[in-house]
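Residue numbers (my numbering), protein chains in the order written: chain A, 787 to 1119; chain B, 3 to 457; chain C, 2 to 294.
Among these hints, one or two may not hold up.
To be verified - In silico PhoX-like cross-links for lysine-lysine, where the CA-CA straight-line distance does not exceed 20 Å: (1) K402/B <-> K1115/A; (2) K95/B <-> K227/C; (3) K1007/A <-> K106/B; (4) K20/B <-> K402/B; (5) K264/B <-> K49/B; (6) K89/B <-> K1007/A; (7) K210/C <-> K89/B; (8) K95/B <-> K49/B; (9) K1115/A <-> K245/B; (10) K106/B <-> K49/B; (11) K95/B <-> K216/C; (12) K98/C <-> K250/C; (13) K230/C <-> K255/C; (14) K264/B <-> K1115/A; (15) K95/B <-> K208/C; (16) K6/B <-> K244/B; (17) K244/B <-> K221/B; (18) K182/C <-> K227/C; (19) K98/C <-> K95/B; (20) K219/C <-> K116/C; (21) K116/C <-> K89/B; (22) K86/C <-> K43/C; (23) K264/B <-> K1007/A; (24) K1010/A <-> K371/B; (25) K244/B <-> K20/B; (26) K230/C <-> K89/B; (27) K59/B <-> K106/B; (28) K43/C <-> K89/B.
To be verified - Examples of chain C residues toward chain B, derived with CB under 10 Å: (29) S125; (30) A131; (31) V168; (32) S170.
If you are wondering where the hints come from, they were derived from the structure by calculation, not from laboratory data. Cβ coordinates follow ideal geometry from the N, Cα and C atoms, glycine included.
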Amino acid sequence: MEQLVVSPSPHLHARANTASIMRDVLIALSPAVVVSLVFYGWSELLLLGVCVLSCLLTEALIEKYLMKAPVTIADGSAAVTAVLLALNLPAGCPWWVAVIGSVFAIGVVKMTFGGLGQNIFNPAIAARVFLLVSFPSQMTAWARPASIASAWSLSPVDAVSGATPLGVVSEGLRAGLPLDQIFAENGFSYAQMLLVNLGGSAGELSAVALLAGFVYLLARKVIKPTTTLSIWLTILGVSGIFYLYNPSAYTDPVFNLLTGGVLLGSIFMATDYVTSPMSRTGCIIFGFGIGLQTMLIRYFGAYPEGMSFAILLMNAFVPLINRYCHQPKYGRA
Amino acid sequence: MDNKFTFRIGGVHPADRKLSRDCAIEVLPLPEKVSVSMAQHLGAPAKPVVAPGDRVKTGQVIAEPAGFVSAFVHSPVTGTVTAVASKADLAGKMVMHIDIDVEKDEWAEGIDLTPELVTPLPDDKQLILDRIKAAGVVGLGGATFPTHIKLCPPPGKTAEYLIINGAECEPYLTSDYRMMLERPREILIGAALMQKVLGGPKCIAAVEDNKPEAVESLKDALHFLQLFSKDYENIEIRVLKKKYPQGGEKQLIDAVTGRQVKSMGLPIDAGAVVQNVATSFAVYEAVQKKKPLLTNVLSVTGDCLPPERQHNYLFRIGIPLRYIAQVAGGVPEEAVKIVSGGPMMGKAIANLDATTVKGSSSLLYLSAKQTLRREEGPCIRCGKCAQACPMGLEPFLLKKLAEVGDQQALEQNAVQDCLECGCCQYTCPAYLPLLDTIRIAKADVLNLIKSRPKN
Amino acid sequence: MTSILWTIVLVTVLGAVLAMVLYLVASKFKVEEDPRIDEVEKVMPGANCGGCGFAGCRAFAQSCVEKGNLDDNFCPVGGNDVMKKVAAILGLEASVKAPMVAVVRCNGSCEARPKTTVYDGKQSCRVKAALYAGDTACSYGCLGCGDCVDACVFGALSMDPVTGLPVVSESKCTACGACAKACPKGVIELRAKGPRSMRVFVSCINKDKGAVARKACKNACIGCGKCAKVCTHEAITLENNVAYIDFNKCKLCKKCVAECPTGAIHAVHFPEPKPTPAPAVAPEPQKSQQDGQ
């Protein structure tokens, strides 16, 4: 020990680092992953495996051969993207769609900008939107196994194809049916939306599982609740106004909060460090923009769901928001 | 005490690790030689007034202030001056030192060495100030700014608050805590003296809530003193919610008064004067006992030390750090770094042959696992640094601007306000050397600001 | 058919209108500039290194034209050749300067100058210098983090992994002085390149007393003064325990080199007979302590 180590202060470091944060995000995602595996069975396991494998491989190959830089897949960020992407795909979607999505997410959205921390758009969300516009039929074929047992049976399963609640509502309204009739015919209930909401992307299955992840992230101080709450409040507010205006033409606030990608997006994708604003005010504006656009697309757009488009669009505004929104400085009020 | 206050912007919560909190203060035995630095305070180094061969007594002046911001230095021992020469300080930088061979411990005349508590305060403000100045009292909270200057607000400014800083927000350090436990009455008398000099502002002694014993001790002492005299009526003990860097002047003022010091301003601009508890004790000794500032308390601590080897020492200035380490049982095997001061803002010791100064507060042993820098990753734009910054700055941005050398943008983004508290670097998940970079940029921008003609 | 016609007409009209606007704006806001500035800029090296003291080559050219003399303007990168061309364009007299080169004035290699502490901060000489005296017992010498290498826009500097010291590539060095400015210890000096690049210099700036310096580094100048005594051209001065060779007075006789007990005096690029050490190029001015703090 005769040679002392000398360095500038501080001499200690907090326990959290990039890898541990990514690990926390994966842990927070695990309830949603487990639920989707239970209900969708082998097909979901296959998608998850394909996504993880192709994301990690893409990142490693690009870093090794194109960037000639150290391979950084151990930091866990590619794994987070992979799991998020898998949760954003419909359970029955073909494996090659997942591969294309993964290569796009990592190769185009993340690595072309310089890798972790440099990308403008959230890779998983960008890939979801990319797949949605490129392979609309595969991306909206919402398979739903007849039962949990059939999801896990080894023989070919006759999956029932169905639509998401948002899709059903959108179709119904277009057909001129009043909302309460649509709800009654399809047996929608809040309890069902909260617990197991079959149809839709794998990760949108259970609101409870996603909320559990949210609580974990907050408890571990990985994220602040600002962005998420801002999105929720905006969605509740905007849909509340429309609902009050005409309850038979516009879906109600709670329905809008619990269906589609709102929870998955607001908890896990809009809070992505890299592609969300730094300051509190920025996060509020960011969340408001996402919520507003989601509702506008849902009510007036061609697509039944708008969460991913909204996040993607607001990602593009983040540099601008960061430019103008700063936190208060001490002694400069 | 449900409504505990703390500062409003940023801050981090490093683990407390006050391992030496239950170790009573021990008097460190004198070594054979001491070497007294002339740069023990902020400002111009003191000018030696002794020469090799001179005999000096404990408490005798051996160096005089060399400018407005400077302070007296006194001999910590009785003996013979052997050299007045440049020596390396703990950072290896050359500083003028006076070497003295220790013979005995005979104090200069006029110094009250009795243990009795002197409670009546002198009436003459100037007398109090003169004694503080003559005793070479400097701020012992870290900055070592000469205390008598801080107690003379510039014309047009008045102090409305005197804040006695017992936050000791740095992990590991326990010297202030022990002082509050063992010398609470003296600390409060010192506070009352400073209150008197400042014209009777509200005095608040602020302690973090991780030190309930210190709060009790100060409260008891306050009750005791209030029985004697009205001088202690206007003193309050305030408990603050623990958060680093609460002990920073600007943060403490925010926490206690709700006011903020404007950028590039001094605490007095917000009507506040902040003094550390150890300084308060030194003021007591200087005024009531006419005893110069020769001693301070230092913790020898760290996770590498077993509980029985943790210490709080009352040391004299000028004692070699190596000697203290030896008295305390040697440097532990695991320690790779020894820090003087807290782990967040303290200085890593490069030279163990350097000696203690007035502001020394610890020998903190850190192991490789605790302290070695880890491999840097890319910034993930998490914004944790900005959330942690107690000044509301954006360290990630400042680092980028510093790397391209854009001084104008650095100034606009207030790099000059940086406290160098280390919260940003402490919290960065990518292990980026944020403060290393910002510190240099801050120095550049401050130079730029200074070089501008004033209008 | 009509739509194509319309398109063509519309685009043509639009183009014409915009061209008019551009023309008007250009003539209205035209900045009158001395055309010679462009001419001068053309003969400049175009590195925009700032070695001349101006913000870039154009700023230098502007200054040359506006001042009307070239007394204080010199492009270290282009050297006398470029200055001659500039002088010809402007019809002025150019000052002739001896070509210079950056010289590293520290030869405290890892072997000669053992480490006393382990530095564990950001790899930057400035950060290190602001923190403490350095990780060796010599508080004057090279800190080895390579700020000079980063500062060089010509790629003329590199760190020697064996010695831990920077090496100047003389063919690439343009004597712009960026490295000397970047070094917080003032280890790098610009010295006259010398005939056929032959130079003699003291490769040390340690101002400590001989014994202290020697203890810190085997290759240190210990300020013994033997070189100054043996020099017949009064080129060597001894100040603050360190010798300095004035390159304007040095006649390259190399007597001092043989005399130096620590080998701190380096002679480079001399023909065979006496092979010399140190590939590094280093000069030695008196007060090179341009402390960056």
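Evaluation of the provided hints:
With a CA separation close to 19 Å, the supplied pair K402/B and K1115/A stays within the 20 Å bound. Distance check on the hinted pair: K95/B and K227/C sit about 29 Å apart at the alpha-carbon level, beyond 20 Å; violated. Simply put, K1007/A and K106/B have alpha-carbon atoms about 58 Å apart, too far for the 20 Å limit, and the pair is violated. The straight-line distance between the Cα atoms of K20/B and K402/B is roughly 36 Å, outside the 20 Å bound, and the hint therefore fails.
With a C-alpha separation of about 35 Å, the suggested pairing of K264/B with K49/B is violated against the 20 Å cut-off. For the proposed pair K89/B and K1007/A, the alpha carbon gap of about 48 Å is over 20 Å, so the pair is violated. Taking the CA atoms of K210/C and K89/B, the gap is about 13 Å. The hint holds against a cut of 20 Å. As the CA atoms of K95/B and K49/B are separated by approximately 18 Å, the hinted pair is consistent with the 20 Å bound.
Distance restraint check for K1115/A and K245/B: the Cα-Cα separation of roughly 18 Å lies within the 20 Å cut-off, and the hinted pair is therefore satisfied. Restraint check: the Cα-Cα separation between K106/B and K49/B comes to about 25 Å, which exceeds 20 Å; the hinted pair is violated. Pair hint K95/B plus K216/C holds up; C-alpha atoms about 17 Å apart against a cutoff of 20 Å. Our distance criterion of 20 Å between C-alpha atoms is met by K98/C and K250/C, whose separation comes to about 15 Å.
Using a Cα cut-off of 20 Å, the hinted pair K230/C and K255/C holds, with the two alpha carbons roughly 13 Å apart. Straight-line distance between C-alpha atoms of K264/B and K1115/A comes to about 10 Å, which keeps the hinted pair within the 20 Å bound. The straight-line distance between the Cα atoms of K95/B and K208/C is roughly 13 Å, inside the 20 Å bound, and the hint therefore holds. Under the criterion of a C-alpha separation no larger than 20 Å, the hint pairing K6/B with K244/B is consistent with the structure, at around 9 Å.
Restraint check for K244/B and K221/B: satisfied, since their Cα atoms lie roughly 19 Å apart, inside the 20 Å limit. In summary, the hint linking K182/C to K227/C is not supported, as the alpha carbons are separated by about 31 Å, beyond the 20 Å threshold. At roughly 39 Å between alpha-carbon atoms, K98/C and K95/B are farther apart than 20 Å, so this suggested pair is violated. In summary, the hint linking K219/C to K116/C is supported, as the alpha carbons are separated by about 13 Å, within the 20 Å threshold.
Note on K116/C and K89/B: the hinted pairing holds, with a Cα-Cα distance of about 19 Å set against a maximum of 20 Å. Between the alpha carbons of K86/C and K43/C the distance comes to roughly 10 Å, so the proposed pair stays at or under 20 Å and holds. For the proposed pair K264/B and K1007/A, the alpha carbon gap of about 31 Å is over 20 Å, so the pair is violated. Restraint check: the Cα-Cα separation between K1010/A and K371/B comes to about 29 Å, which exceeds 20 Å; the hinted pair is violated.
With a CA separation close to 13 Å, the supplied pair K244/B and K20/B stays within the 20 Å bound. Taken as a hint, the K230/C and K89/B pair is broken in the structure, with Cα atoms around 31 Å apart against an allowance of 20 Å. At most 20 Å may separate the alpha-carbon atoms for a hinted pair to count; K59/B and K106/B meet this at roughly 9 Å. Restraint check for K43/C and K89/B: not satisfied, since their Cα atoms lie roughly 55 Å apart, outside the 20 Å limit.
Proximity of S125/C to chain B holds as hinted, the smallest CB-CB distance being about 7 Å (cut-off 10 Å). The closest approach between the C-beta of A131/C and any C-beta of chain B is roughly 6 Å, which is under the 10 Å cut-off, so the hint is satisfied. Violation of the interface hint for V168/C is found here, the shortest Cβ-Cβ separation to chain B being roughly 25 Å, above the 10 Å cut-off. Interface restraint check for S170/C: the shortest CB-CB distance to chain B comes to about 25 Å, outside 10 Å, so the restraint is violated.
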